[in-house]
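2 protein chains.
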Amino acid sequence: MSTYELYYWPSIQGRGEFIRLAFEDAGAAYVDVARGPDGIKLMQSMMQSGDSLRPFAPPFVKTKELILAQVANILNFLGLRLGLVSSDEEGRARALQLQLTIADFLSEIHDTHHPVSNAMYYEEQVEAAKKRSEQFVRLRMPKFLSYFEGALSQQASGSYLLGSQCSYVDLSLFQTLAGLEYAFPKAFDSLRGSIPRSLEVAERVKARPGIAAYLGSSRRLPFNQHDLFRHYPELDLNQ
Amino acid sequence: MSTYELYYWPSIQGRGEFIRLAFEDAGAAYVDVARGPDGIKLMQSMMQSGDSLRPFAPPFVKTKELILAQVANILNFLGLRLGLVSSDEEGRARALQLQLTIADFLSEIHDTHHPVSNAMYYEEQVEAAKKRSEQFVRLRMPKFLSYFEGALSQQASGSYLLGSQCSYVDLSLFQTLAGLEYAFPKAFDSLRGSIPRSLEVAERVKARPGIAAYLGSSRRLPFNQHDLFRHYPELDLNQ
Chain A
53 MSTYELYYWP SIQGRGEFIR LAFEDAGAAY VDVARGPDGI KLMQSMMQSG
103 DSLRPFAPPF VKTKELILAQ VANILNFLGL RLGLVSSDEE GRARALQLQL
153 TIADFLSEIH DTHHPVSNAM YYEEQVEAAK KRSEQFVRLR MPKFLSYFEG
203 ALSQQASGSY LLGSQCSYVD LSLFQTLAGL EYAFPKAFDS LRGSIPRSLE
253 VAERVKARPG IAAYLGSSRR LPFNQHDLFR HYPELDLNQ
Chain B
53 MSTYELYYWP SIQGRGEFIR LAFEDAGAAY VDVARGPDGI KLMQSMMQSG
103 DSLRPFAPPF VKTKELILAQ VANILNFLGL RLGLVSSDEE GRARALQLQL
153 TIADFLSEIH DTHHPVSNAM YYEEQVEAAK KRSEQFVRLR MPKFLSYFEG
203 ALSQQASGSY LLGSQCSYVD LSLFQTLAGL EYAFPKAFDS LRGSIPRSLE
253 VAERVKARPG IAAYLGSSRR LPFNQHDLFR HYPELDLNQ
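Quick mapping for you: the protein sequence lines, in order, are chains A and B. Positions 53 to 291 (the working numbering) are the ones given, in order, by the first sequence. Positions 53 to 291 (the working numbering) are the ones given, in order, by the second sequence.
Be aware that one or more of the hints could be misleading.
One copy or two, either will do: identical chains are not told apart, so a pair holds if it fits within one copy or between any two.
Heads up, simulated BS3-like pairs for lysine-lysine below, C-alpha to C-alpha not over 27 Å straight-line [stated by the list, open to error]:
| id | residue 1 | residue 2 |
| --- | --- | --- |
| 1 | Lys195 | Lys93 |
| 2 | Lys258 | Lys93 |
| 3 | Lys114 | Lys195 |
| 4 | Lys238 | Lys93 |
| 5 | Lys183 | Lys238 |
| 6 | Lys183 | Lys93 |
| 7 | Lys182 | Lys238 |
| 8 | Lys114 | Lys93 |
| 9 | Lys182 | Lys114 |
| 10 | Lys116 | Lys238 |
Hints in this document: simulated from the structure, not taken from any laboratory. All figures in this text were calculated on a predicted structure; none of them were measured in a lab.
Given the sequences, and given the hints that come with them, work out the whole structure.
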């Protein structure tokens, strides 16, 4: 069994976490390269290498055959090998559709604290951040959450997003809900009652052996204020 | 040959255009449903239908087997059937990686004029839009453009992004460059000299029979100020 190499910033969960969860759930052999000695340097040198399709940004994964970037692309490719998606073309397309909708959600979540530019500090864009977050918690967060709840409501009770088998999308939904609960605790609390199926899936994901072991280990980094999900009370629901 | 049904807003190019270009280039039989009678109503009713995986937003495509949403997912699925991507798993992953990087670029382009919320008018967020655009034209637009130029520089002269065959990603690169030229003419002009290979690919895409016929037809909508790409002179490079 070959060992996968994951390249991602070593001190945050960020977008790399969606890949870590897939590896951990599947019990795959992987190295989180940038958390090792000289890891960030190694990661950066691979981003500048001229002899293959470079990643635009971390995370990326090196397999025996190629270097893969973009979370949804990595999961679409590895999902098959890790047993985290059905193998037919239609099933894979449904999973990818949901994963890309999660990616859109994450992008909007990120931009609540960085609506102007990633190259500027939060403090330099806090006024725009407040305006964006107000719209986010009032309109976008409920819309995205009810979308996933709706997808679950089309499945039999006790199922996952794509049927009876857990897929990489369920792992990503768990992570998204955990992040929202950390970043927007009041807004999240106010919506809890409307997403029972999603919360139940998150609980089941958390209890899966690979995930439970991972969450209890030092490999799982805590949420923090340099991450994708950030808790700024002034951006949370205020009423 | 079955006819594909495309569902997208009928008065803009937007994200639907990336699908239209693939259909047009391949000469595929498709109906742009929302441009027909009662089309928007039809589109909206399909988004509320409870019996399959709903799209979160247009565009989406109905094939014989399923309803597909998310541009990159649609192109990944249809690319194979339309002959717009190589059929091996590695080649498809490379294409999807590039397409998702274009999707990230488009999302940042959109947010230059809507940094706070899609539910508010441009005029209500023009101050944040100016700040975001300044960062966009100075940092992000050059970074994304040089990424695609770099991917092309790894190919032999006269090739496309993924080799000698034109793929759906090349069509999307053409559309992105056309949109940037419309929206940010000064910034685009200032970067022209640094992206010769990308401009050459765009010219070759434009000259492909299916694309040339499409661009000359009434099916190609003009760029306009309700679209993804918008030309606000105050957001363009100002020096």
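Violating hint indices (sorted, rising): Per hint list: 2, 4, 6, 9 and 10 violated.
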